[in-house]
Each structure stands twice: as structure tokens, then as C-alpha cells.
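Starting from the known structure of chain R, arrange chain U on it as the hints suggest.
Chains R and U supply the protein sequences, listed in that same order.
Going by the working numbering, the residue at position 8 of the first sequence is 8; the numbering climbs one at a time, nothing skipped.
Going by the working numbering, the residue at position 105 of the second sequence is 1105; the numbering climbs one at a time, nothing skipped.
Hints were generated in silico from the structure; no laboratory data involved.
Computed from a prediction, not measured in an experiment: that's the story for all the values here.
You may find that some hints are simply not true.
[As the list claims (entries may be wrong)] Just the calculated beta-carbon pair ranges, DEER-fashion:
id: 1; chain 1: R; residue 1: Ser75; chain 2: U; residue 2: Gly1016; range: 44 to 52 Å
id: 2; chain 1: U; residue 1: Ser1005; chain 2: R; residue 2: Ile107; range: 23 to 31 Å
id: 3; chain 1: R; residue 1: Pro110; chain 2: U; residue 2: Thr1017; range: 39 to 47 Å
id: 4; chain 1: R; residue 1: Thr53; chain 2: U; residue 2: Gln1014; range: 49 to 57 Å
[As the list claims (entries may be wrong)] Which residues of chain R face chain U? A few of them, derived with a C-beta cut under 8 Å, are:
id: 5; residue: Gln33
id: 6; residue: Gly41
id: 7; residue: Gln42
id: 8; residue: Leu43
id: 9; residue: Asn45
id: 10; residue: Tyr48
id: 11; residue: Phe86
[Claimed, not checked] Here are the computed lysine-lysine pairs in the DSBU-like style, where the Cα-Cα straight-line distance is at most 35 Å:
id: 12; chain 1: U; residue 1: Lys1007; chain 2: R; residue 2: Lys91
id: 13; chain 1: R; residue 1: Lys91; chain 2: R; residue 2: Lys54
id: 14; chain 1: U; residue 1: Lys1007; chain 2: U; residue 2: Lys1065
id: 15; chain 1: R; residue 1: Lys91; chain 2: U; residue 2: Lys1065
Don't be surprised by glycine CBs; every beta carbon is placed ideally from N, CA and C.
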Amino acid sequence: GIQVEQSPPDLILQEGANSTLRCNFSDSVNNLQWFHQNPWGQLINLFYIPSGTKQNGRLSATTVATERYSLLYISSSQTTDSGVYFCAVEKTGGSYIPTFGRGTSLIVHP
Amino acid sequence: SAVISQKPSRDICQRGTSLTIQCQVDSQVTMMFWYRQQPGQSLTLIATANQGSEATYESGFVIDKFPISRPNLTFSTLTVSNMSPEDSSIYLCSVDLRPQFFGPGTRLTVL
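The following block holds chain R by itself, in its conformation from the complex:
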């Protein structure tokens, strides 16, 4: 199956700092999603981004499908950004079921 690697596994920031999370995948993909899981366990879809760049407030994401990676940018981080960020991909020609990475755990200190 397709391999999904996220880095870094853990990240600690001071409020106001910027960060970049990376998702590498081992095969061509039809779809890629970024999720945020808050400390209470709720998973929220941040971006549905098989290619290109999207922005939503302080967050933006870029997927370079030909080079098999995606980046999630968090600017001016806030304590509410804490949680785990997951990348999930659907392999081209595979099932519609997304494969999740192991996540990046982010802690933002006030």
C-alpha cells in the first residue's frame, strides 16, 4: 500500500511563531486531505487539496503531486492550534479509502 510519512512527529511552539508541517507519500495520489484533531479528539478537515495551494485564514497548504509531498503552513500560531495534524491520501487507481499518516503533534505555549 501507499506509505505516508509526516514530519516532524512533534513540535513545540511559542504563541505567535510560524511553522511548516510536511507530508510525503510514496505513490501518485488522487486526493490529499489535512485534518486537525483537537485535544478532545474531534477531527476537523482543514484542506482538501490534491494539488496546488489553498489558504484559509492563518493556515495554508500546498501540494506538489508530481514530487509527492504536501506542506501545511501555520502562521502566527495560537494555543488553540494545539493538537495533532494528520495528512491522508488516496492512491491513484486504488480504493477510495484514504490512508492516514502518523500525524504531527503540535503544542503551542502562551
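This is chain U only, laid out in the frame that chain R set:
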């Protein structure tokens, strides 16, 4: 978008017992998905539930342990049977409307 609710939100159960988790979606969907998230781990798909047919289970998951019902296009249940402490996890239901939406999860602790 979709609004998904799950019941119960959390439970503490004794080993050997069973727990049924309910998932309700605010719109009709063809496929619903059940995931397990063990402590500190990523999400693992248990099965895909289609209305009117048997659920499709992923490798490592069997119907006897995780029976699923899908009586209509807005509702599904997952039962965790004959529980052991290793079943302690968050169980999440999900729908894929491109993008994918998740319920709030059921946090299960088995003693």
C-alpha cells in the same frame, strides 16, 4: 458539509462485555466508515458500511468482533464485542463527501 453525532461520547466497560456505538448523519450518504484510533496512534479503518448490504471489513477486523448495522442512509451502529483492554480506543464514524467529515468520537476504556 455534514454534521455527525455519536453516542455514547465515552464509556468505561468491563472486559467480556459488548458496547454498541451509534452514528447519526444529518444527510443521506451512501457509505459510512468506522475507524479506530488507539492511544497515541493514527486512524485505522475498521470497515465500510453500505445501506442494505454487509459491511466490508479491512484486514485484521472481523464481523464477529465488530458487527455493524446500516439500517438506512443516515444511521449506523458499530458493536465492539467481548471486549478486552486492548479495545480501549477512540472509535470514530465518518462520511466522505469530498472532503471527509468525522463524528466527535466515542472514547472507550475497557477495564
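Consistency of beta-carbon spacing, Gly1016 of chain U to Ser75 of chain R, with hint 44 to 52 Å:
holds (50 Å)
Within 23 to 31 Å: is that where the Cβ-Cβ distance between Ser1005 of chain U and Ile107 of chain R falls?
Because 29 Å falls inside the window, the suggested range holds.
Can you verify the interface hint for Gln42 of chain R: is its Cβ closer than 8 Å to any Cβ in chain U?
holds (5 Å)
Take a quick look at whether Lys91 of chain R and Lys1065 of chain U sit within 35 Å of each other, Cα to Cα.
holds (29 Å)
With 8 Å as the cut and Cβ atoms as the points, is Tyr48 of chain R at the interface with chain U?
Check passed: Cβ of Tyr48 of chain R comes within 4 Å of chain U, closer than 8 Å.
Given the proposed pairing of Lys1007 of chain U with Lys1065 of chain U, does the C-alpha separation stay at or below 35 Å?
With a Cα-Cα distance of about 19 Å, the restraint between Lys1007 of chain U and Lys1065 of chain U holds, given a limit of 35 Å.
Measuring from the C-beta of Leu43 of chain R to each C-beta in chain U, is the shortest one below 8 Å?
With Cβ-Cβ at 4 Å, under 8 Å, it holds.
If you draw a straight line from the CA of Lys91 of chain R to the CA of Lys54 of chain R, is it 35 Å or shorter?
Holds: Lys91 of chain R and Lys54 of chain R sit about 21 Å apart, inside 35 Å.
Cβ separation of Pro110 of chain R and Thr1017 of chain U, checked against the hinted range 39 to 47 Å:
Taking Cβ atoms as reference, Pro110 of chain R and Thr1017 of chain U lie about 42 Å apart, which means the hint holds.
Chain U contact restraint for Phe86 of chain R - C-beta distance below 8 Å
Hint holds; Phe86 of chain R Cβ to chain U Cβ min 7 Å, cut 8 Å.
Let me know if the C-beta of Gly41 of chain R comes in closer than 8 Å to any C-beta of chain U, holds or violated.
Holds, about 5 Å.
Per the hint of 49 to 57 Å, is the separation of the Cβ atoms of Thr53 of chain R and Gln1014 of chain U within bounds?
Since the Cβ atoms of Thr53 of chain R and Gln1014 of chain U sit about 51 Å apart, the hinted range of 49 to 57 Å holds.
In terms of the numbered hints stated before, the structure departs from none.
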